[in-house]
Amino acid sequence: MPKTHKPEDVEKLKEGTIIRKDDKHSKMEVEVPEVKSTGDYNKTPVYIYYDWCKKCGICATFCPTGALGRRPDGAPYVPHPEKCTHCEMCDRLCPDFAITGAKR
Amino acid sequence: MKKISQKSIHKYLRHDKKFPHVWCPGCSNGIVLGAVIRAIAELGLKKDNIAMVSGIGCSSRMPVYADFNTLHSLHGRAIAYATGVKMYKPEMDVVVITGDGDATAIGGNHFIHAARRNIDLTVILINNNIYGMTGGQYSPTTPYGDKATTTPYGNIDPTFDICQLAIGAGATFVARTSAYHAIEAQSFIKQAFEHKGFSLVEVISACPVIYGRLNKKGDAPTMMKQMKENVIPVKQYEKLSAEAKADKITKGILMHDTDKKEYTEAYSELINSLNKPEEESNE
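Those protein sequences? They're chains H and F, same order as listed. Here the first sequence stands for residues 1 to 104, numbered as in my numbering. Here the second sequence stands for residues 1 to 283, numbered as in my numbering.
Just chain H, same shape as in the assembly (with noise of 0.2 Å):
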């Protein structure tokens, strides 16, 4: 179930999942459900920019080798990192440009 924090632990939280900085969402207590790490900025493959992201799950359900997951509240994460064959299907399909899973 998802727990609330505090907007410090919000990027301890979510080694994986990126979370800017300048995040609207950073000045107040949200909730996040956990999720399983996926490694540091750098090493993430997939890129999602959450300030655009409209919760769809377009990009998760046509993710062709599963690399993408939905969080309880529809936002995608990244529960498989090593799945990840930068094929950009989750670039093109994106309506909002808020995920890039192109190599870096």
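Possibly wrong hints are sitting among the right ones.
[Said to hold, decoys possible] Calculated cross-link-like contacts (lysine-lysine; reagent style DSSO-like; alpha-carbon spacing at most 27 Å): (1) K216/F <-> K55/H; (2) K225/F <-> K235/F; (3) K11/F <-> K55/H.
[Unchecked claim] Covered stretches of chain H, going by a simulated chain F footprint (3 or more residues, C-beta under 8 Å): (4) 51 to 57; (5) 88 to 98.
[Said to hold, decoys possible] For the chain F half of the interface with chain H, some residues (derived, Cβ under 8 Å), not all of them: (6) N29; (7) G30; (8) I183.
Just so you know, the hints here were simulated from the structure itself, not pulled from any lab data. Quick reminder that beta carbons are idealized off the backbone N, C-alpha and C, glycines included.
For this one, chain H is given, so just place chain F on it according to the hints.
Just chain F now, kept in the frame of chain H:
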């Protein structure tokens, strides 16, 4: 197909506008905007040499977010404005973003006459089967029996086949694909840019919030899955039985004719031929 990542897409977006954009969660318009930008980035066209014209509607909000020369015009009149831009500056790449209601109902005449003239416009028609922005009225492409806010007991109007309409009117490049087939959409839009003459790319799209909700089609991923199953190539469609054909939509390049004369070329030739005798008579 060349891979163009989100990084290069962000170069073509207007970041001073309000993001995230106005479209509902799961709306295909963003996917089509991505495909258009990818096609332009792949061709390496200059931002200043592109004019993006649109009318009114969900899809017509697109030029607001794209960093080209943009024109947000009247409902249905996008092609009329684009014709003006093209006639004044024939060297410009004019792309029209329009919806099904915008192009075929309110701007139906502009659409068929631009196709008849074979003027070098690239029309990207996003077909979501409903008027989304104005509240969910039925459009000329709402399927038979489907509900809209103005047809609560089901629509009884037969539908338009927009691609066949364009071919009949004389368009020289006609292609259809869906938002799920985003790579193909990028390829078709690229070919439409390269083609000299009236080119139409119809993109079947999902409207999960209004059309999907009224007709119980499910959420955005479900509608995209249906699109994946229902939008099939022409060859595969022809093999099916008559019953199976009912729900299916063909995709692919349905018309590609390079012989027909382009309108702005014919116009400049006419102007040149009229100017010559005057010069001779002055001498």
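Hints versus structure:
1. A threshold of 27 Å between alpha carbons decides the hint, and for K216/F with K55/H the separation of about 20 Å falls inside it, so the pair holds.
2. For the given pair, K225/F sits about 21 Å from K235/F by alpha-carbon distance, which is consistent with the 27 Å threshold.
3. Distance check on the hinted pair: K11/F and K55/H sit about 24 Å apart at the alpha-carbon level, within 27 Å; holds.
4. Using a Cβ-Cβ cut-off of 8 Å, 7 residues of the region 51 to 57 of chain H lie near chain F, which meets the minimum of three, so the contact claim holds.
5. Coverage of the region 88 to 98 of chain H by chain F holds. Counting CB-CB distances below 8 Å, 9 residues qualify, and the rule asks for three or more.
6. Annotation: N29/F was flagged as interfacial toward chain H, and the flag holds, the nearest CB pair being 7 Å apart, inside 8 Å.
7. Checking G30/F against chain H by beta carbon gives a least distance of about 3 Å; that is within 8 Å, so the hint holds.
8. Taking 8 Å as the C-beta cut-off, the interface hint given for I183/F holds, the closest approach to chain H being about 7 Å.
Checked against the numbered hints given earlier, the structure satisfies every one of them.
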